[in-house]
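Engineer: Put chain V on the given structure of chain P with help from the hints.
Read top to bottom, the protein sequences are chains P and V. Residue numbers are given in the working numbering: position 397 of the first sequence equals residue 1058, and the series is strictly consecutive. Residue numbers are given in the working numbering: position 43 of the second sequence equals residue 455, and the series is strictly consecutive.
The hints are simulated quantities; they were obtained by calculation from the structure and are not laboratory data. Heads up, the beta-carbon is just placed ideally off N, CA and C, and yes, glycines get one too. Careful: at least some of the hints might be erroneous.
Derived pair list, reagent style DSBU-like, types lysine-lysine, alpha-carbon separation capped at 30 Å [said to hold, decoys possible]: (1) V:Lys-471 / P:Lys-1125; (2) P:Lys-766 / V:Lys-484; (3) V:Lys-444 / P:Lys-1128; (4) P:Lys-885 / P:Lys-989; (5) V:Lys-466 / P:Lys-1129; (6) P:Lys-827 / P:Lys-843; (7) P:Lys-827 / P:Lys-780; (8) V:Lys-444 / P:Lys-1125; (9) P:Lys-915 / V:Lys-471; (10) P:Lys-1129 / V:Lys-484; (11) P:Lys-882 / V:Lys-466; (12) P:Lys-843 / P:Lys-963; (13) P:Lys-1128 / V:Lys-419; (14) V:Lys-415 / P:Lys-1128; (15) P:Lys-738 / V:Lys-484; (16) P:Lys-827 / V:Lys-484; (17) P:Lys-1032 / V:Lys-466; (18) V:Lys-471 / P:Lys-1032; (19) V:Lys-466 / P:Lys-1128.
Here are some chain V residues the structure puts well away from chain P; computed CB gaps all over 12 Å [as the list claims (entries may be wrong)]: (20) Gln-442; (21) Thr-443; (22) Asn-447; (23) Glu-448; (24) Lys-491; (25) Ile-493; (26) Ser-494; (27) Ser-495.
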Amino acid sequence: MSNNSRSIFIKKDILIRIVEAFFSENFEQNVNRIPVDMRPKGFDVPYRCCLHKERAIIRDRAIANLGFAMENDDEVKSLAEYSKEALERTVPDDKTLTVLEDACKGCVPSKIYVTDLCKGCVARPCEKICKFGAISVKDGRSQVDGTKCKGCKMCISACPYNAIVKLAVPCEDACPVGAIAKNEHGLAVINYDDCISCGKCVANCPFGAIHEKSQIVDVMKYIKSDTKVIAMFAPAIAGQFPGTLRQLETAIIKVGFDDVFEVAQGADITTKTEAAEFEERLEAGASFMTTSCCAGYNELVKKHLAELKPFVSTTKTPLYYTAEIARKKYPNAKLVFITPCVAKRREVFENPNIDYVLNAEELGALIVGRKIEILDCEERVIENPPSKQGRAYPISGAVAGAVCHAMKNPELMKPYIVNGLNKESIRDLKKFAKSGSCPDCNIIEVMSCEGGCLGGNANITSEKSAKKAIENILKDSKDL
Amino acid sequence: MAKITVKICSGTTCFIMSGNYLSDLVDILQTKYGNEVEILASNCLGQCSNSHSKAPFVKINDEIISEVTPEKLIAEIDKRISS
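Same shape as in the complex, but just chain V:
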């Protein structure tokens, strides 16, 4: 199976709109998923220019996920691992 890449946006908008709570999870999630998943904190993914209300954003492989919470992030990663 190809490795899943998770980029957590650490740009200013995402960070302020609760994304900092996702960035805090980088190490914990990396430990949880091990080699199957690569978790990275990323510079601005460029998604916030239209709407800060949809932040924080995460990019999983090539797909953008919006309004991400820690629960949603884990569910999205799990979904991709099982499929």
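One chain only, chain P, in its complex shape:
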């Protein structure tokens, strides 16, 4: 699913309206109006069955954008009440995602289905191959007994007419760890014990039914207060907006932040530390090491791949080091990390130095809602910009590249790049951990998203144009 889908447009539209409402005379009442303002009487119903359902789903999205779980919604509480509660909240919800029940009704539970293409043939390979006795032929056509079927798909490959299909549930198919499934009512439910917050379900649901719980109200609350609020933006953010990087920083200041840090600065510390650690490990005879900056991957190791833990670098993430620098300079400020990543929300919950997370869409909503034109902003002047290697971190392969650049003996590195976590790449990682070796490699770079952070689910631009924009920035950046 691309970042250009209509449900993402609607999500951003709602976020901008929440920002406008926040800086208006009456936040609560203006948020309350959003569903009716977006779908007024007589509006052509673009997507759903009727105006009322459209409004219901806009209400759901607004609740998630105010930072609440739809799972706890009683359908009676108004958006005005939710807005008030969002202002009073001191700690955001630590479960990153929520499923919008009204939107999540499009797909039927995943099952094996025999289509009209079935010829009811004499050979009946489907019936023969099924180990569970789930297929029988009735009235000249194969039938699947759902109570016996285990979904192994052997019948699908056996049928010479391609007559048997598996009905897809995109969120279930996209989840690399089996943490989301439809319940008996046809509603997707996330199992947070297993969920690694990779955001693949968010990106792949064609109904946009899975939503991040936004912290935008929490951040705006502090922007409006006397408390200093500091932005730290991930290197991937550099490719998400018009204008130059330095113009974007000015825009972030104009939104109301008191200072801005490039997380690429912390990436430079990660690079040097990780290169030293890698060389030490090699000297001690280690067979391989994996990178440790991807939050989705770190969650995966913690929840599903404990056996890989000894191989994971103990070097901290670029965000960790950047937050240390920012915290030292601003001991009493609220630190906000800006990212295209869902999983970083988990990392932030576990790092007491960082207070809040905004994603690229939410920063975009703040800039649009505050009516700031980035192209008209002046270039912010900064001293000691981060290196080319640090700024390249969000591109798949670039973390290993940076570590290699910082090594005393770079020729020793034999990298293996995991460009996106999925069931297959997780199986491979498990295999490497079990055997204690990775063929022809001694360092594994893992990026949970395909294309690295540029494939993050909350990005505004396509991976391709983000990469182009970042490569332009790299041209003007110095080597580490």
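Structural biologist: Just chain V, lined up with the frame of chain P:
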């Protein structure tokens, strides 16, 4: 026939509201239409001050088109070429 001028708004609102996908098409569309059409990425066309929901905007000759998708943009250009 007079040349058709297409200005794709690259202002912040349009860019964020999916207009960046149109800006990505400037070179491809220029190649597709050749000399008949001039495709440009433009600074803010000033249309978003009232409603970001109608973004992204494109100006074809003197006419503003709202809620533009790549499909809609191509259809609008084709319509003007054939008329």
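Engineer: Run every hint past the structure and note whether it holds.
Structural biologist: Here's how the hints hold up against the structure:
no. : hint                   : verdict
1   : V:Lys-471 / P:Lys-1125 : holds, 25 Å
2   : P:Lys-766 / V:Lys-484  : holds, 29 Å
3   : V:Lys-444 / P:Lys-1128 : holds, 24 Å
4   : P:Lys-885 / P:Lys-989  : holds, 23 Å
5   : V:Lys-466 / P:Lys-1129 : holds, 27 Å
6   : P:Lys-827 / P:Lys-843  : holds, 15 Å
7   : P:Lys-827 / P:Lys-780  : holds, 18 Å
8   : V:Lys-444 / P:Lys-1125 : holds, 20 Å
9   : P:Lys-915 / V:Lys-471  : holds, 29 Å
10  : P:Lys-1129 / V:Lys-484 : holds, 25 Å
11  : P:Lys-882 / V:Lys-466  : holds, 28 Å
12  : P:Lys-843 / P:Lys-963  : holds, 25 Å
13  : P:Lys-1128 / V:Lys-419 : holds, 24 Å
14  : V:Lys-415 / P:Lys-1128 : violated, 33 Å
15  : P:Lys-738 / V:Lys-484  : violated, 39 Å
16  : P:Lys-827 / V:Lys-484  : violated, 34 Å
17  : P:Lys-1032 / V:Lys-466 : holds, 15 Å
18  : V:Lys-471 / P:Lys-1032 : holds, 21 Å
19  : V:Lys-466 / P:Lys-1128 : holds, 28 Å
20  : Gln-442                : holds, 16 Å
21  : Thr-443                : holds, 17 Å
22  : Asn-447                : holds, 26 Å
23  : Glu-448                : holds, 26 Å
24  : Lys-491                : holds, 21 Å
25  : Ile-493                : holds, 25 Å
26  : Ser-494                : holds, 27 Å
27  : Ser-495                : holds, 26 Å
Of the hints listed earlier, those the structure fails to meet are numbers 14, 15, 16, in rising order.
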